[in-house]
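Novice: Position chain G against the provided structure of chain A, taking the given hints into account.
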Amino acid sequence: MSEQAATVLVVDDDPSLCRSLQRLLASAGHRVETFTSAADVLRRGFADEPACLVLDLAMPGMDGLELQSRLTELGWDPEIVFLSGHAEVPSSVQAMKAGAVDFLTKPVDEAALLSAVSEALARHRERLAAQRETAEASSRLAELTPREREVAALVVQGRRNKEIAFELGIAEKTVKVHRGRVMEKTGARSTAELVQLWLLVPPGGDGSAS
Amino acid sequence: MSSAACLMLGLVSLTLWLRGSRQDQYLLAATMALAAGASAMTELSLAHAADIARYEAVMDLQILAVFVIVVSLVWFVYVHLGTAPKRLAQVITVLWTVHVAAHYLVPGGAVFSEITSLERVRAPWGEMFTLARGPVSPWRVPADAASLLVLLYLLLASVRAWRAGSRQRAAVIGGGSVLFIVLGGIHTPLVDEGIVHTPYMISFAFLAVVMAVTYQLVEEVLRAGRYSREMAMRDERWQQLLGGLPLLVARRDATGRIQDANAAMLDATGYSKEELVGQHFAQLVPKADMDRAMARFGRAMKGDAEAPGIVQLLAKDGSTRSVAWSTMPLKDADSRIIGALSVGLDLTEQERAEAEIERSRREMDRLSRMMLLGEFSAGLAHELSQPLAAILSNAQAARRFLAKPSPDMDEVRAIVDDIIADDKRAGDVIHALRVMLRQDHARSGSADLSAAVRTASSLLAGELRSHHVALVLRLDEHARPVPGDGVQIQQVVMNLMLNAVRAMEQVTPARRELTITSRVSDDGVVVSVADRGPGIASEVLPTMFEPFVTSRGGGLGMGLAICRRIVAGRGGRIWAENRQGGGATVHFSLPLATTGRVEDA
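Sequence lines, in order, name chains A and G.
Just so we're aligned: 140 in the numbering used here is position 140 of the first sequence, and the numbers increase by one with no gaps anywhere.
Each number in the numbering used here corresponds to the 1-based position in the second sequence with 210 added.
Chain A extracted, bound-state conformation (with noise of 0.2 Å):
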C-alpha cells in the first residue's frame, strides 16, 4: 500500500506552544497545522486522509475531551495524542477509553511525542486501509443478484452446493453456475476468501440496499 500523505493537527490554545510543537513535528518530517481552538479544528474538517491531533486537555472553551467526542459523533476519528499541563487520572482514563493513543504531560519529551504521533498516524493509516478494503467488499457484494446473494449467504455458511439446492429448490447445477458468479463479481479466490469479505461488511447493511 502506498504511503498518503499524513497531517499531524496540533491543537492548543497558547501559540507559541502550538509553534514549537510544530517545528518539533516538521524537523522530523511531518505535515504540520495548528489550530488554537477546537472549534477551528471543527471548521477544518477532514478529508478520507492519514491524521493525527495532538490535542492539549484545558482549553478554554471547547476542550481536548469535548473535541474528541464531537469528531467521533461527526464520523471523523483521527487518532488522538493528548497533551496535558498535568497527569490528571480522570481525565486521562477517559481520553484512553475513547480511543486516545496516548496521554502525555508537558513539557512533552521529543521521542515521546514523536513515536506517539507515529503510532497515531500508523494506526489510522491501518484503519483508513481496512476501511478501504470493506468499503470495496460492500461494493462487490452490491453487484450479486439476488439469487446470487442467497446462495453466497448459504456458502459462506458452509453449505454443500446440494444442501444449497435443496434449501432454494433449485437444481444443484444451478447452484454452481451461481457459485462460480459470485466467486468471479466478488473476486474471491477461494470459500475463505469469500467468507472474509463477507464478514466485513455488516450483515444488513449489505447489497440489499440497491
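No wet-lab data here; the hints were simulated from the structure.
Bear in mind that the values here come from a model prediction, so they are computed numbers and not experimental data.
Incorrect hints may appear among the rest.
Selected chain G positions facing chain A (Cβ under 7 Å, derived; list incomplete) [unchecked claim]:
(1) GLN596
(2) ALA599
(3) ALA600
(4) SER603
All residues carry an ideal CB built from backbone N, CA and C; glycine is no exception.
Specialist: Below, chain G alone, put in the same frame as chain A:
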C-alpha cells in the same frame, strides 16, 4: 506717746513698702502714719504753746499734717478696698487742698480769722493746756464739709467692701473710720468752738486709723506669708502628683534650659534630676525632629500654647521615644514669659503595640495570599509548564534542525527568539508569584490598577484555561493611579476572579466567560468582575462580605472579607449584584490617589 506709736507704725508700713512689692497702699499707709506722728507732736506743742505767735506757727504745721493724713487715708482706702468712689475721693482732696491753701494765703489762717487770745484751760482729767480763742474763719467750711464727705466716703467704701465679701477689711476700715469721725470730725470743731474744753485729740483719731490700717496691712502680709507656705505645700502636693503621673512634665526657662522635670520624665530620658536640670532641651531631641521642636518652643515663647504634637525624645542611652507634647508658656506676675511648661504623653508602647498589630495584619494578609495561591496552584503549575513545554520542544526542534546537513538558520533564529520570549513569560509568572508572597508591602503609595488586573490575569491564566473560562478584559485606558499597594489590589482582583471561576464550574464551558471592566472617573475607579455562573442567592447577598460566610465547601469564607478590608482600607467600597442574563458581578470602587503624594512616615 501716740506720736511715737504713729511713727513706729509708719515705719512698719514703710518697711512693708520697701521690702514688699512696692504697692501704693503701703506707701500711702506709711505716709499717713508718719503724718499722724507729726500731727501728734504738733498737737502736743499746741497744748503747751506760750504765746499766740508760737501757737500760729505750730498750727501752720498741724494743718499740713492733717491734710496729708486725710488725703493719704482717702487714697489708701481707695487703693486698699477697691470699692471706694473715686470721684468722692477727688472731691475730698480738692476741698482739703482749698482749706490748706486758704490757711496759708488768707491773713489769720483758715481756722481762726484771728487768734485773739490764748486760754489756759484745765482738762477734765486735771491737766492744764492752752487753747486759742478768736472768730472762726469762713475757710473752715471746706474742711468741715470734707470731713463729712470723708465719713460718707469711708462708710460707702466699707459697706460696698462688706457686700463684696471683704468683710474683715470692711470691718477694720469701717471701725477705724467711726473712731476717726467721732474723735476728729466731731470733737475738733467742738473744741474750736470752745464748747468742749479739752485739747485737740485729733492725733488719737489718727492713731486709731493708722493702727487699723497698719493692722490691716500686717494682717495681709501675714496672710501672704501663710498663702505662700500653703502654696509651697500645694506645690509639694503638685510635685507628688506630677511624680506619680504617667505623663512627662518638664519646665524650661526662656532660653530652653530645663528647670524641672517629673519622675516620668526622668524615667523616660534615663537621666537623674541633677543631670537633667540645667541641660538645654535640644539635647533631648533627635536631629530629625530638631527644627520642629525649636519651632514649637519658639511659638511658646511668643505666648502661644502649642497643641499636642509628636516630637521624639532622645534618652540618655541614645534610644528614642515617641512623645505627644503639649506646651504652654509660663508667665510671671507681670505677664512676661519666663519659660514653658510641657506635658507629654509617651506613645512609644502604644506605637509598638500598633506596629505589632500591623505586623500580624500583614502576616495574615500574607497567609491569605498563600491560601489564595493554594486555590490556583494547579492552574499556576499549568501556566508555568506551558512556556517550559514550549521551550523544551523548541530546543529539541532546534537540535534536530541543526543536525541537518544544511540547517535553516532563519528557522533556528526564530526558535531561539521564541525560547527567550517563553523564558521571560515564565519568569514573569514567577516574579508575580514572588511579589505576591513577599512579606512586606507598602501601605501607602499609589498603584496602577490596570497593571494589577493584568498581573492577576497572568497568574490565573492557567486556572482559567483548565476551567475553560474565557477572560474578557475591558480596562479603561485612562489609567489613573489608585492609593495603596498594587499587590493587595491584585489580591482583591484574584480573589474575585477565582470566585467567578468557581461559580462557573457547573455551567457549560461555552458559557464560562469572565469579564473584568474598569471605569475611571474623577470620583475614582470602579472595577467590576462579572461571571456567568448561577448568580448569588438573595439571602447571601447582604452577608457575603462577612468573614466565614461561604457558599462553597472547602472555603474558609475569608476571601471576600479580606477583599472588603483591603478595599475599605483605601477608602473604597465593595458590593455585589446579580447580572441580567445570569451570573453575578462584584464591583469595587477605589478613590484616586492624590497625585504627587510624598511618603510620610
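Novice: Taking the closest Cβ pair, is GLN596/G under 7 Å from chain A?
Specialist: For GLN596/G, the interface hint holds, since the closest Cβ of chain A sits about 5 Å away, which is under 7 Å.
Novice: Is the interface hint satisfied for ALA599/G? The criterion is a beta-carbon contact with chain A at less than 7 Å.
Specialist: Constraint on ALA599/G satisfied, holds at 4 Å.
Novice: Quick check on SER603/G please, does its C-beta sit within 7 Å of some C-beta on chain A?
Specialist: Result: holds, 4 Å to nearest chain A Cβ.
Novice: When the nearest CB of chain A is found for ALA600/G, is that gap smaller than 7 Å?
Specialist: 4 Å, holds
The structure meets every hint from the earlier list without exception.
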